[in-house]
Amino acid sequence: MNSPVVAVSDNATPFHPASSLDYLPIKQLRTLQSERLRRTVRRAYDSVSLYRQRMQKQGLSPEEIRGVEDLQKLPLTAKSDLADAYPIGMFAVPLEDVARLHPLASAPGKPIVLAYSKRDLETWTELIVRCLLCCGISEVDIIQNACGYHLFADGLGFHAGAERLGARVVPVSGRDADQQLAVMKDFGVSAVCAPAGYFLHLLDRAEKMNVDLRKLPLRTGAFMAEPWNEAIRRRIEESAGIKAYEIYSLPEFFGPGVGSECSCQDGIHIFEEHFYPEIVDAATGQPLPEGEEGELVLTTLTKEAMPMIRYRTPDRAALISEPCVCGRTLRRIRRIARRSDDVFVIQGVTVSPSQIEAAVLALSGTLPPYQIVLAQENGLEHLELEVEVTPQIFRDQVGFMESLQSKLAHEIEHTLGVRAVVRFIEPHTIERSGGKSKQVIDRRIT
Amino acid sequence: MRIPQLSLFIENKPGRLVVPCRLLAEAGINIVTLSLADTQHFGVLRLIVREWQRAREVLEAAGWVVAVSEVLAIEVADRPGGLAELLTIFEQAGINVEYMYAFTARLGNRAVLVFRFNDLDAAVFALARAGINPVSPISLYERLDEQ
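From first to last, the protein sequence lines stand for chains A and B.
Be aware that the first sequence starts at 2, since it is given in the numbering used here, and climbs by one per residue.
Be aware that the second sequence starts at 53, since it is given in the numbering used here, and climbs by one per residue.
Since the hints were derived computationally from the structure, they do not count as laboratory data.
Cβ coordinates follow ideal geometry from the N, Cα and C atoms, glycine included.
One or more hints might be untrue.
Said to hold, decoys possible - Derived CB-CB ranges, DEER-like:
hint : chain 1 : residue 1 : chain 2 : residue 2 : range
1    : B       : A145      : A       : S174      : 51 to 59 Å
2    : A       : R396      : B       : A182      : 47 to 55 Å
3    : A       : K209      : B       : M53       : 24 to 32 Å
Said to hold, decoys possible - Chain B residues, not near chain A, derived (Cβ > 12 Å throughout):
hint : residue
4    : E63
5    : K65
6    : R68
7    : C73
8    : A136
9    : G160
10   : R168
11   : G183
12   : E198
Make a model of the complete structure from these sequences and hints.
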């Protein structure tokens with residue numbers, strides 16, 4: 002354990018055969034997608050009553066879907082459909098052919114379960130291998146897997162993929178920060194898989210304990226879910242001395258493995274022979290012209306146990322068709338601002354907490370626990386951001402704190418066009434349930 | 053020469069200030085002097101305590117965010133013009149006094165003030181050129197004990 006693996010730069014990573022599908026000629030890729038789509042629609046129609054009923058209602062038969070160009074004829078599917086069909090209504094295979102049933106940690110409301118056939122699990126593992134390779138992680142790496150192993154599918158996915166790749170995997174899951182840092186040091190960990198927000202927490206902790214991650218062998222991070230933007234990437238890359246990549250994770254499909262950034266860090270390649278991407282207008286559901294930003298809709302092309310047809314993801318994105326410098330033919334989606342369930346409308350503006358997080362990060366370099374309060378005074382709506390004071394942002398000069406407060410308010414007003422008040426509050430005062438704080442509190446009279 | 057000062061973030065509402073004071077009392081830690089800067093919604097409590105490391109641990113263990121900064125204790129003649137003379141030194145050196153407050157006890161006929169500067173090194177240098185030595189923590193606490 003005393004001789005950490007020598008870091009290999011992205012360019013020097015030898016080509017791995019598992020990546021070859023990333024480079025299919027586009028014509029061949031479209032043919033493959035169309036063929037797989039026809040099979041998926043047929044199976045969905047035959048085995049899932051929800052799909053069959055919706056298609057029948059439109060007078061649409063599976064034969065009319067001849068290829069990806071006909072995709073738009075199919076009805077959209079939403080997360081609520083998964084909840085309505087709970088537990089087995091969306092399964093396209095008999096229960097005995099289901100190899101894994103994974104209950105999804107969902108927001109309060111109806112439960113959702115994911116089903117995988119044996120082949121689905123195999124596909125998922127291959128996809129994770131491709132994700133890791135995209136990020137320049139290879140079999141020489143020691144991978145610390147800081148993703149949850151239960152409730153979220155992320156931990157299990159990375160685990161299987163990292164092992165398949167032939168790397169060493171350290172399954173630390175969501176253990177506490179000090180243990181994570183000890184593992185990182187003692188094992189000479191060279192790559193980490195984690196939710197971006199959790200890694201920021203590790204960085205704060207490392208700083209407090211005077212652990213300089215830049216001096217460790219750690220060189221790559223594959224991050225997913227949660228808020229992510231360029232400010233977070235910069236902070237992670239600078240403080241940890243690593244390259245930070247985003248892996249696109251969609252819990253309703255597999256979790257991670259739907260797409261990944263490559264060494265260009267310029268958009269997320271979607272693994273298109275498995276997931277067909279479209280961008281639609283969130284309000285009308287109509288497809289948008291190429292390059293426009295809208296709701297990301299994905300169709301699974303190989304999933305057996307739970308095929309998803311034109312699934313409305315909770316993400317906003319634009320689709321990029323231009324070839325990537327890395328040479329992959331897989332189309333990319335541009336930076337996703339996660340439209341969490343906490344999206345709210347204030348003064349007629351639709352706001353996602355991630356936009357506010359970006360402002361906080363840009364100004365303070367860290368993301369302290371916060372809560373958004375929507376209030377109304379004399380009939381006028383305004384947004385209050387309550388930010389817990391952490392050692393990273395606290396100074397003994399009142400002027401510094403006041404100026405940070407007003408700069409934050411200004412930044413939010415500037416980016417959102419919404420009146421905002423920022424208030425620092427004492428640490429540990431925001432109510433947390435199950436370790437997570439509720440991000441948005443609406444105190445407006447409705 | 054430099055004296056560690058603990059600062060705490062406190063929300064400006066009833067019953068908050070007493071909490072850290074009570075924690076220190078229970079740990080048997082005496083507050084030598086303090087100042088409270090307040091704004092509409094929050095305040096910053098600055099404390100000078102002898103066992104600052106232990107005080108910090110006690111407060112952090114209770115969940116408080118504690119910032120440690122270095123301040124200077126400077127003796128000032130307790131007569132008209134005493135403070136103005138001292139401040140002239142900083143004015144001429146272009147050094148900003150972020151804030152200041154006083155020790156409750158005096159040393160002989162001199163008052164002792166706590167200064168927080170934007171540039172501590174520059175302040176020490178300017179004082180040295182004027183022939184003034186800030187009070188070291190050791191001599192400060194010894195002399196306070198003698199009284």
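Distance rule for B/K65, whose beta carbon must clear each one in chain A by more than 12 Å: Violated: least Cβ distance 10 Å, not greater than 12 Å.
Cβ separation check - B/R168 to all of chain A, threshold 12 Å: Nearest chain A Cβ is 7 Å from B/R168, so the label is violated.
Cβ separation check - B/G160 to all of chain A, threshold 12 Å: holds (29 Å)
Non-interface claim for B/C73, where every Cβ of chain A lies beyond 12 Å: At about 15 Å from chain A, B/C73 clears the 12 Å cut-off, so the statement holds.
Nearest-CB test (12 Å) between chain A and B/R68: violated (7 Å)
Nearest-CB test (12 Å) between chain A and B/E63: Violated: least Cβ distance 5 Å, not greater than 12 Å.
Non-interface label on B/G183, tested against every C-beta of chain A at 12 Å: holds (29 Å)
Consistency of beta-carbon spacing, A/S174 to B/A145, with hint 51 to 59 Å: holds (56 Å)
Supplied distance hint 47 to 55 Å, evaluated on CB atoms of A/R396 and B/A182: The hinted range 47 to 55 Å is violated for A/R396 and B/A182, with Cβ atoms some 28 Å apart.
Outcome of range test on Cβ distance (A/K209, B/M53; 24 to 32 Å): 27 Å Cβ-Cβ, so the 24 to 32 Å window holds.
Given as non-interface: B/A136, partner chain A, CB spacing beyond 12 Å: The claim holds: B/A136 sits with its nearest Cβ about 23 Å from chain A, beyond 12 Å.
Non-interface claim for B/E198, where every Cβ of chain A lies beyond 12 Å: holds (30 Å)
In summary, the numbered hints that this structure violates are 2, 4, 5, 6 and 10.
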